[in-house]
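Undergrad: Chains as they are written, first to last, in my numbering: chain A, 1 to 459; chain B, 1 to 224; chain C, 1 to 309; chain D, 1 to 347.
Worth flagging that the hints you see were computed from the coordinates, not collected in a lab.
None of these values were measured; they are calculated from a predicted model.
Warning: the hint list may mix true and false statements.
Claimed, not checked - These stretches of chain C come out as covered by chain B in the derived footprint (C-beta under 8 Å, 3 or more residues):
(1) 125–135
(2) 157–167
(3) 175–184
Unchecked claim - With a Cα cut of at most 25 Å, we get these calculated DSS-like pairs of lysine-lysine:
(4) K360(A) to K70(D)
(5) K128(B) to K300(A)
(6) K234(C) to K214(C)
(7) K265(A) to K70(D)
(8) K274(A) to K5(B)
(9) K47(B) to K388(A)
(10) K269(C) to K252(C)
(11) K69(B) to K300(A)
(12) K7(B) to K128(B)
(13) K425(A) to K57(B)
(14) K329(A) to K388(A)
(15) K207(A) to K191(A)
(16) K13(B) to K388(A)
(17) K209(B) to K122(C)
(18) K265(A) to K343(D)
(19) K13(B) to K425(A)
(20) K7(B) to K425(A)
(21) K263(D) to K152(A)
(22) K425(A) to K10(B)
(23) K7(B) to K420(A)
(24) K132(D) to K263(D)
(25) K5(B) to K128(B)
(26) K329(A) to K47(B)
(27) K6(A) to K343(D)
(28) K10(B) to K388(A)
(29) K425(A) to K47(B)
Claimed, not checked - From the structure, some residues in chain A lie toward chain B, with a derived Cβ separation under 8 Å:
(30) R283
(31) V284
(32) P317
(33) K425
For each residue, glycine too, the CB sits at the ideal point set by N, CA and C.
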Amino acid sequence: MAGKRKFELAWIGDKEETDFESIQISAEDLVACQGEIGDFKLICNKENQPEEINVANIIINLPYQEEPVLEKADSLFSDDYDINEDKPVIILQDYPELSAAVISQAGLEKALEIKDNYPDKEVYYLYQAMRFIEDNDRLYERARESEIIFLKFDLGQLKIIEEEIIHYNREDIDLKLNGNILAAPELKPAKETERIARIFNLADGYKEYLQLDNIYLQPTLSGKRGVYLLKGSRGPTALTYFEEELDFTLNEVSKNLAGVTEIDKYDREVDDQKCILCYTCYRVCPHGAIQRDDELNSMKVMDLACQGCNLCLSRCPTNAIQIEDDYLKIEGENEQDPILIICENSAEIAAEKYNSMVGKDPLESYQKIEVPCVSTVERGQIFEILSKYSSDIMILGCVSEACKHLTGHDRCQQVVERIKEDLEKLEIEQDRVHYERLSPRMAADLGAFLADWKEALKQ
Amino acid sequence: MIVGKLKDIKEIKDSLPDDIDSLLIAGCGSCVSVSLAGGEREADSLKELLNLYYQSKGKSVSIETETIKRQCDDEFLDELELPVARNQVVLSIACGVGVQHLAINNPGKIILPGLDTTFYGRTSDIGKWEEMCHGCGKCILDQFAGVCPVARCSKSLLNGPCGGSQDGICEVDDSIDCGWQTIYDRAEELGQLENLLDFESPKDWSTYKDGGVRSHKNPEFFQE
Amino acid sequence: MADYISKLQKLLEEGEFVVCSEMGPPIGADPDFIREKADFLRGYVDAVNITDNQTAIVRMSSIAAAKIAADEGLEMIIQATGRDRNRIGIQSDLLGASALGLRNVLCLTGDHQCFGMDEGAKNVFDLDSVSMLRAARRMVDDGVLLNGKDMDVPPKLFLGGAANPFADPFELHMMKVEKKIEAGMEFIQTQAIYNLEKFDKWMEEMRKRGLHEKCYIMAGILPTKSVKALRMMKKYVAGMDVPDYTIERMDKAEDKKEEGVQMAVDIIKHVRKIEGVRGIHLMPVAWEEITPRVVEEAGLYPRPEVSEI
Amino acid sequence: MTRIGVIGGGIAGSSVAVELADAGIEVLLFEKSGEIGGQIKEFGCKATDICTRCNLCLVDSVFNQVRRDKSIKTKNNHKVIDAYKEDGLFTLYCDTDKREEIYTNIDKIVLATGYRRWSELETGTPEIFDDKRIIWSGEFEEMLFKREDHLQKKDLDLDLDFEPESALFIQCNGSRSPQEKAAYCSRVCCGYNYRIARVLRESFPEMELGIFFIDIQEAGFLTDLSFQRLNDEGIDYYNCKPLRINKAAGKIEIAYEDQQEGKMAIAKTDLLVLSEGIHPGLENELWSKLFNLQLTDDGFLEEIVPGSESDVYLAGTISGPGDIATTISKSKAVANQIIYQEKEVVV
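Please model the entire structure based on the sequences and the hints provided.
TA: This is how it looks when you write it as structure tokens:
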């Protein structure tokens with residue numbers, strides 16, 4: 001390595017002004033990312049000069065790819081546009097599909113700018129829906145007052161003829177507009193997105209962006225601690241609240257710099273004698289918390305990056321990952337009671353809420369296994385319970401896109417399906433295993449459901 | 001690496017003798033562990049499932065598991081010696097090589113296969129593997145931009161794609177990429193499209209299974 | 001008198017716009033099945049292909065069926081695929097075909113067995129279409145087998161192959177045509193044409209590379225009588241390109257059969273004008289009786305008499 | 001030891017409190033009602049067979065943590081009525097059920113008293129709310145919150161005494177309407193009503209559903225609510241504001257201008273759901289005086305000097321409309337600002 005440098009913050013892609021000691025790294029130059037929050041090592045290869053850069057936090061801030069929707073039109077974002085003396089100006093958004101909210105802002109600003117500079121110019125504003133962020137409301141009011149002509153179109157009411165003429169056709173209005181068009185470009189993820197996803201071990205996100213469709217990752221979290229997503233790396237709506245999101249992100253960075261603590265109190269040790277470097281844990285970890293330990297020639301769990309879901313140890317093919325906590329312990333007084341495997345981020349919260357509403361714990365008189373995530377449910381574990389206990393098992397997981405560990409519900413569902421398949425093939429009763437999904441909000445639901453289930457079991 | 005897939009549980013159950021009283025499930029810690037089919041974790045799950053099965057049938061069968069580093073080398077088998085001896089039947093969830101090597105070393109013992117050895121492949125995604133090589137005994141990757149037409153074309157065509165490939169997808173199944181499209185794409189990137197115009201003579205398959213059971217020696221190590 | 005290998009070759013060399021047709025042998029051992037079909041084709045076509053277990057469905061062998069039809073006075077084109085026979089079987093069959101007087105052979109890779117009813121069959125694909133053409137060429141021209149062994153009496157065969165103008169990547173498939181010609185292909189029968197723009201583009205590229213002068217190109221024509229058939233082909237037949245406007249045209253027509261004939265005739269009239277197209281290859285799947293009508297309507301009837309060669 | 005006074009125990013205030021407590025900072029959380037949770041307390045999960053990203057999942061763990069965390073001192077039934085700052089420290093006067101209480105030595109104040117639901121306002125046409133066929137979306141939220149049929153995969157049990165075969169939603173009630181003194185967009189209604197419509201669509205596949213928009217808005221994080229999507233999901237949309245609501249005998253009639261046809265048209269429905277706008281809280285005026293904050297034209301609050309100088313921070317919808325996720329993330333950002341400053345002081 002040519003050198004080592006240390007920064008508080010790395011910007012992959014575009015850089016924003018901050019007070020942090022930061023470095024900007026172009027996505028093309030980045031080769032690998034090791035380490036964890038507070039101490040990432042970014043391996044760069046700029047003009048074949050390898051360099052290792054130490055950073056505490058990373059913001060991936062790739063620009064959008066702007067794809068023009070009309071060949072001859074100018075972009076709404078461009079300051080360099082034609083004004084033809086004879087022709088009106090046409091601002092076009094939401095074509096062919098609804099534009100992001102930020103486009104309404106850019107469009108209104110542009111319309112007002114033109115109207116201010118050329119008061120006599122006819123300015124048409126074609127749109128499907130005006131989007132409101134920041135002070136768009138005011139801009140919109142001002143634009144209406146300054147006699148900008150707003151034409152709202154519906155699907156199919158607009159045709160582009162010869163790239164310069166727009167045919168606006170409603171039952172009562174039939175307009176052919178020939179003018180200088182300023183059109184909102186379509187926003188697409190940056191070209192480097194896929195490579196960056198691989199480098200940071202991030203899963204495929206929403207619409208080929210990096211941000212996963214998961215409510216816990218709001219607004220700019222990536223699933224990996226200390227790595228944040230902005231703009232074109234995040235998603236189609238990322239520009240809407242860009243300022244707020246930047247603000248949030250920088251405040252997160254500040255907090256991280258003030259000191260990072262472990263989220264989960266348990267340590268997960270990888271037995272280097274058993275680890276076969278199959279990378280299964282690395283691939284399944286939703287939080288990018290697993291890395292290879294070159295010295296030991298085994299994988300290792302990064303304690304600060306780990307968010308405690310235990311998916312790695314439940315999927316390790318050689319049982320090489322160990323945790324001191326006996327997290328699969330069954331708690332309960334009566335061995336005859338039905339067994340609940342509950343997700344601590346959904347059912348357990350709902351139960352607590354139910355308790356605070358009704359004054360009764362809906363989980364009492366069950367045997368319980370509390371799990372950080374139902375994705376840790378394993379076939380072997382369920383078979384073992386089935387053979388040791390005579391009671392039914394109910395697994396209560398979370399709903400899609402609302403899993404704190406990103407894919408727990410789906411993984412668990414697959415495991416349960418396979419369990420049932422296996423039991424069916426061996427002609428063993430499969431009705432003893434149940435799986436339901438709920439959100440932490442379904443407190444009333446959970447209470448009613450468990451009461452009914454228990455009733456059904458009695459019969 | 002060698003990719004394997006755990007056998008259907010019904011098939012495993014049916015293969016076990018009716019009068020079984022003790023079973024050893026022998027896992028293998030190399031290739032098939034990486035392909036998530038034959039490692040310690042799978043051995044344990046299988047044990048629990050078979051336990052449950054025999055319990056439901058009211059039978060008492062003792063089942064134990066033991067996973068060693070590799071079942072295809074003598075030296076590792078030592079760890080299996082006692083467990084094999086004390087169990088009536090052994091179910092090996094190694095690849096076909098491991099199962100047979102275990103059998104060679106344990107004459108008189110019933111050694112049953114617990115998984116299907118599928119192919120030589122790579123991990124292409126979490127829990128997904130793709131065939132890359134047929135082990136034909138004569139590598140020709142240099143002529144095809146590094147993409148094997150033998151393994152990755154469903155017809156193993158050497159002189160170009162068949163007419164059934166569409167949008168880069170093989171006619172046999174939507175989930176298969178056309179090997180020749182891949183060859184073409186890479187060759188174009190490498191500026192080697194010209195090479196694809198070369199006539200490929202019918203391949204000499206004598207180095208493949210067609211040449212009889214294969215073995216080879218490295219004279220540096222092997223002495224007659 | 002020039003020394004011709006087959007009547008088909010003679011017609012093509014004399015500049016005639018030839019008409020070929022296709023016949024699927026029976027799933028069974030009935031020779032009359034073939035004789036009946038031969039009857040209504042006689043006089044309307046110059047040569048008839050006999051498919052070789054097409055779509056991997058077991059049928060009477062191409063050579064045997066061709067021999068029966070040839071005895072009825074038809075000029076036959078046998079098909080040989082690499083799916084079911086290795087280099088030994090194929091070479092042996094080619095020798096046999098020649099000896100029986102079957103002089104035209106279409107060398108094909110063959111459909112994968114997954115398309116038929118014997119998915120569990122072991123496939124061979126020892127020779128692909130290119131290497132089969134090369135092997136046959138050497139047998140014919142040099143009297144040498146693949147293994148280098150000389151023959152006392154080499155076979156006489158007019159060698160053809162298939163091409164799909166609609167498959168992508170375009171360039172790679174063009175390279176393959178070039179390879180086939182290089183290997184010894186003398187005539188091409190193309191995949192069924194519906195998308196004329198793409199076919200024009202393909203022919204243009206063929207001409208640009210001078211390939212139309214190195215082999216005879218017969219345009220594949222597949223008359224259909226229903227929208228369903230067109231949709232099925234579009235969806236399920238690998239390598240087929242059926243544009244939406246074709247389906248729309250059929251959909252709008254009241255008399256589907258008549259429209260099918262007219263569509264085929266229109267395509268024939270179009271391809272006939274293209275430089276380098278030397279004939280057509282009719283393959284009316286499950287509608288073989290329509291062949292005479294299409295030939296008549298396209299103005300290709302009567303067919304020229306060919307004296308014995 | 002720093003003490004932060006958080007005023008308002010809704011999701012904004014609670015999020016700030018939890019973040020601060022995690023960083024080891026002592027928090028006094030003043031809630032004027034008898035229980036933390038604020039308005040969000042009884043909103044219902046809008047998952048269908050999949051999550052519709054209403055974000056309520058994020059909420060309860062925050063409240064649970066407030067209840068559990070020892071370094072958060074929750075003061076229920078404490079209405080802050082006066083405050084002053086002396087020697088850099090705040091003193092707060094609270095009205096409780098019994099008596100006035102005074103809290104001193106507070107280093108910083110976070111104001112998180114939220115918004116007012118427009119449905120609570122007096123309106124020009126109060127009589128329409130006598131009709132049981134017309135409800136506020138807030139009432140729908142409560143129905144969803146109380147539902148006990150979700151997990152059992154039963155149809156939604158609508159807590160109405162009739163069975164509607166059609167439902168229409170009207171957006172922009174009390175928003176973007178100068179008459180209601182709210183020219184701005186409340187930003188949340190498009191999202192929640194669309195989600196409610198999806199819940200209805202799942203439970204009642206035959207039900208006719210429609211939404212009146214003035215302008216369709218983004219429905220939050222990553223989702224792109226669009227006309228196409230509504231079309232695909234079988235939800236009609238009217239890209240205009242309704243002109244008149246007529247309580248006819250059978251169905252409710254809504255007159256609107258059909259842009260496609262360019263003429264007046266009537267939409268009929270059994271159930272009419274009116275969106276609730278976000279209006280500024282009634283206490284905002286008091287806060288602006290006590291803490292020297294700017295009252296905007298719309299009645300929300302803005303900082304005049306940054307919180308780092310004034311020691312007064314704003315969290316949540318007190319400074320303008322926002323959805324759940326935005327409120328939480330903005331509140332976290334406020335807390336992080338405070339935490340970073342505190343740690344810097346220590347360093």
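Undergrad: With reference to the structure, classify each hint as holding or not holding.
TA: Now for the hints, and whether the structure bears them out:
1. Coverage of the segment 125–135 of chain C by chain B holds. Counting CB-CB distances below 8 Å, 9 residues qualify, and the rule asks for three or more.
2. Counting residues of the segment 157–167 of chain C whose C-beta sits closer than 8 Å to any C-beta of chain B gives 4, which meets the bar of three, so the coverage hint holds.
3. Counting residues of the segment 175–184 of chain C whose beta-carbon sits less than 8 Å from any beta-carbon of chain B gives 6, enough to reach three: the coverage restraint holds.
4. Taking the CA atoms of K360(A) and K70(D), the gap is about 23 Å. The hint holds against a cut of 25 Å.
5. For the suggested pair K128(B) and K300(A), the alpha carbons sit about 23 Å apart, so the restraint of at most 25 Å is met.
6. In summary, the hint linking K234(C) to K214(C) is not supported, as the alpha carbons are separated by about 31 Å, beyond the 25 Å threshold.
7. The suggested pairing of K265(A) with K70(D) holds, with an alpha-carbon distance near 19 Å, which does not exceed 25 Å.
8. Distance hint between K274(A) and K5(B) is fulfilled; the C-alpha atoms sit about 21 Å from each other, no more than 25 Å.
9. Taking the CA atoms of K47(B) and K388(A), the gap is near 13 Å; set against the 25 Å cutoff, the hint holds.
10. Proximity of K269(C) to K252(C) is assessed by CA-CA distance (about 22 Å); at most 25 Å being required, the pair is judged to hold.
11. With a C-alpha separation of about 20 Å, the suggested pair K69(B) and K300(A) falls inside the 25 Å cut-off, and the hint holds.
12. A C-alpha spacing of about 17 Å is found between K7(B) and K128(B), which places the hinted pair at or below 25 Å, so the restraint holds.
13. Distance restraint check for K425(A) and K57(B): the Cα-Cα separation of roughly 14 Å lies within the 25 Å cut-off, and the hinted pair is therefore satisfied.
14. Under the criterion of a C-alpha separation no larger than 25 Å, the hint pairing K329(A) with K388(A) is consistent with the structure, at around 14 Å.
15. The straight-line distance between the Cα atoms of K207(A) and K191(A) is roughly 13 Å, inside the 25 Å bound, and the hint therefore holds.
16. Distance check on the hinted pair: K13(B) and K388(A) sit about 21 Å apart at the alpha-carbon level, within 25 Å; holds.
17. Annotation: proposed proximity of K209(B) to K122(C) holds, straight-line Cα distance about 14 Å (limit 25 Å).
18. A threshold of 25 Å between alpha carbons decides the hint, and for K265(A) with K343(D) the separation of about 23 Å falls inside it, so the pair holds.
19. Taking the CA atoms of K13(B) and K425(A), the gap is about 10 Å. The hint holds against a cut of 25 Å.
20. For the given pair, K7(B) sits about 12 Å from K425(A) by alpha-carbon distance, which is consistent with the 25 Å threshold.
21. Between the alpha carbons of K263(D) and K152(A) the distance comes to roughly 15 Å, so the proposed pair stays at or under 25 Å and holds.
22. Between K425(A) and K10(B), the direct Cα distance comes to roughly 6 Å. Compliance with the 25 Å bound is thereby established for this hinted pair.
23. Between K7(B) and K420(A) the alpha-carbon distance is near 16 Å, which keeps this suggested pair within the 25 Å criterion.
24. Straight-line distance between C-alpha atoms of K132(D) and K263(D) comes to about 30 Å, which puts the hinted pair past the 25 Å bound.
25. Between K5(B) and K128(B) the alpha-carbon distance is near 11 Å, which keeps this suggested pair within the 25 Å criterion.
26. Distance restraint check for K329(A) and K47(B): the Cα-Cα separation of roughly 20 Å lies within the 25 Å cut-off, and the hinted pair is therefore satisfied.
27. The suggested pairing of K6(A) with K343(D) holds, with an alpha-carbon distance near 21 Å, which does not exceed 25 Å.
28. Note on K10(B) and K388(A): the hinted pairing holds, with a Cα-Cα distance of about 22 Å set against a maximum of 25 Å.
29. Of the pairs offered as hints, the one joining K425(A) and K47(B) holds, with about 16 Å between alpha carbons and a cut-off of 25 Å not exceeded.
30. The interface hint given for R283(A) is met, as the beta carbon of that residue sits about 4 Å from the closest beta carbon of chain B, less than 8 Å.
31. Given the 8 Å rule on beta carbons, the hint for V284(A) holds: about 6 Å separates it from the nearest Cβ of chain B.
32. Among the interface hints, the one on P317(A) holds; its C-beta lies about 4 Å from the nearest C-beta in chain B, closer than the 8 Å criterion.
33. The beta carbon of K425(A) comes within 4 Å of a beta carbon in chain B, closer than 8 Å, and the hint placing it at the interface holds.
Hint check: violations occur at hints 6 and 24; the rest are consistent with the structure.
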